[in-house]
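**Student:** Here are the chains, one letter per residue:
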Amino acid sequence: MSKIIEGLLYSDSHEWVKVDGDIAVIGVSDFAQEEMGDITYVDMPEVDDEVSKGDDFGALESVKASSELYSPVSGVVVEVNEALEDAPELVNEDAFGNWIIKVRMSDPSELDSLMDAAAYAEIAK
Amino acid sequence: MEDNLKLTCLYDKHVGLEAKMSPFAGFMMPIQYSGITDEHVAVRTRVGMFDVSHMGEIFISGPDAARYVNHIFTNDVRGLAPGKILYGMMLYPTGGVVDDLLVYKEFTADGFLLVVNASNIDKDYFWMLDNAAGFDVRIENRSEEWGQIAVQGPDAEKVVVDVLGWSGAASLGFYTFADFNCGERMIISRTGYTGEDGFEIYASPEMINRLWDDFLKAGVTPCGLGCRDTLRFEAGLPLYGDELSADITPVEAGLSMFCKLDKEEFIGKDVLVRQKAEGTEKKLVGIEIHDKAIPRAGYPVELEDGTAVGVVTTGYHSISLDRSICFALVDSAYSKLGTPLWIRIRKKVFPGEVVKKRFYQTNYKK
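First to last, the protein sequences are chains A and B. Just so we're aligned, residue 1 is where the first sequence starts under the working numbering, counting upward by one. Just so we're aligned, residue 1 is where the second sequence starts under the working numbering, counting upward by one.
Calculated directly from the structure, the hints in this document are not laboratory data. None of these values were measured; they are calculated from a predicted model. Since no wrong hints were added, every one of them can be taken at face value.
Here are the computed lysine-lysine pairs in the DSS-like style, where the Cα-Cα straight-line distance is at most 27 Å:
1) 64/A to 356/B
2) 347/B to 292/B
3) 64/A to 292/B
4) 13/B to 125/A
5) 357/B to 276/B
6) 13/B to 64/A
7) 64/A to 347/B
8) 263/B to 84/B
9) 102/A to 347/B
10) 53/A to 347/B
11) 365/B to 260/B
12) 348/B to 102/A
13) 269/B to 84/B
14) 102/A to 53/A
15) 64/A to 6/B
16) 102/A to 292/B
17) 125/A to 20/B
18) 64/A to 348/B
19) 20/B to 3/A
20) 348/B to 53/A
21) 357/B to 64/A
22) 158/B to 366/B
23) 64/A to 20/B
Taking CB as the label site, the calculated pair distances span:
24) 166/B to 97/A: 47 to 55 Å
25) 7/B to 116/A: 40 to 48 Å
26) 112/A to 34/B: 40 to 48 Å
27) 166/B to 117/A: 53 to 61 Å
28) 117/A to 174/B: 51 to 59 Å
29) 123/B to 79/A: 50 to 58 Å
30) 174/B to 97/A: 46 to 54 Å
31) 278/B to 97/A: 57 to 65 Å
32) 346/B to 94/A: 20 to 28 Å
33) 123/B to 97/A: 44 to 52 Å
34) 47/A to 87/B: 46 to 54 Å
35) 55/A to 162/B: 55 to 63 Å
We put the beta carbon where it would ideally sit given N, CA and C, even for glycine.
Given only the sequences and the hints, what does the whole structure look like? Please build it.
**Tutor:** Next comes the structure, spelled out in structure tokens:
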């Protein structure tokens, strides 16, 4: 049974969002990392790249498969988690403790379409 | 479960071991048990076993058997001693590949065993029947009667000798086999698809189930198709459907050494002779990129200016070598070792170069 954290927002493509003012901190759920297996590479955008809600901004790679990451919000990337470049396995170890990118949101109302923990628990199984 | 999927005789064992199961070649197969990396390392450093009962076993016999096999097969079985095995391909008249297979010269006067890919069993069997006109042969598809376990890794010899209680296994040379009598026929062959020493054992479903349990008790790591692919890829071995197909000839795939063009004839020979003389438009190469990003099947291979010159057929971040490498089919003009090539991975382009296809130094029994 994978972990789900209360107080975060979730997309149906298994990203989580923690809102911090106009910044969206984005990672993948514990369910997503479990489905992927051993993650060997995290493909991330560059700081200042623009992302759009629903578009892919990178990917997780396991030995066998790659799985795209979809941005739950639109905006500009203000930070990427450089620790994941050398230690992608951190996502397996703690998916909620290891964010992937931070985005300055251009339209915070997009958050309304995301799920809360209870709703996400229904699809993450 | 999806419709019409077949189960191997070891299906219940896989479920009992909580393997991740997935459809492959029409069978419900184990992809991994403990994890691809774990299982891969077990085969490279100790010993692992694979359920390969999905593979096809087609038996050929009759007065014209040798002449017939040589007609449909690229390698040469003339003078092949009983107990010897050859790798090769069956070709269409276009030179494209029907399948790649092993041919076992049986201990009977005129018998051969052809071991073919699971995904191609029916296609191969009908191809053999369709091309048997004028030959006095019997062609029997007995795939359902045989299970198969591959035991692979540096400790394979010791564990096979122990579990079978037969020291003769140790003296089998690479690409030879023996019949082992245990109340039924068991075939033990020194072959595999991992780049390590190892054995492939063919027997009845009941016997295969007993062997699986015995090997498990002996400490052999159960391994799924996930690491079967990473292992064969590192060892430079092609997979039908990726590096070989009806649209790729053995010359293009770099497998000419398994095609005996000095044979009188075999289906597809004319095209191979011409390709050897004139060269081919495309060739299978190895490419390494200097990044942790992973080139996957289908990704484009480009020149620096973005011109497409090929496509990736299989790629991984190699577990044993810690390198991002792939097989790719590219225009022959860019196939020389050291040629700089770029691979497009999603939105980025990564520089790399042509390298040898056998990425990993194999450790076969001499």
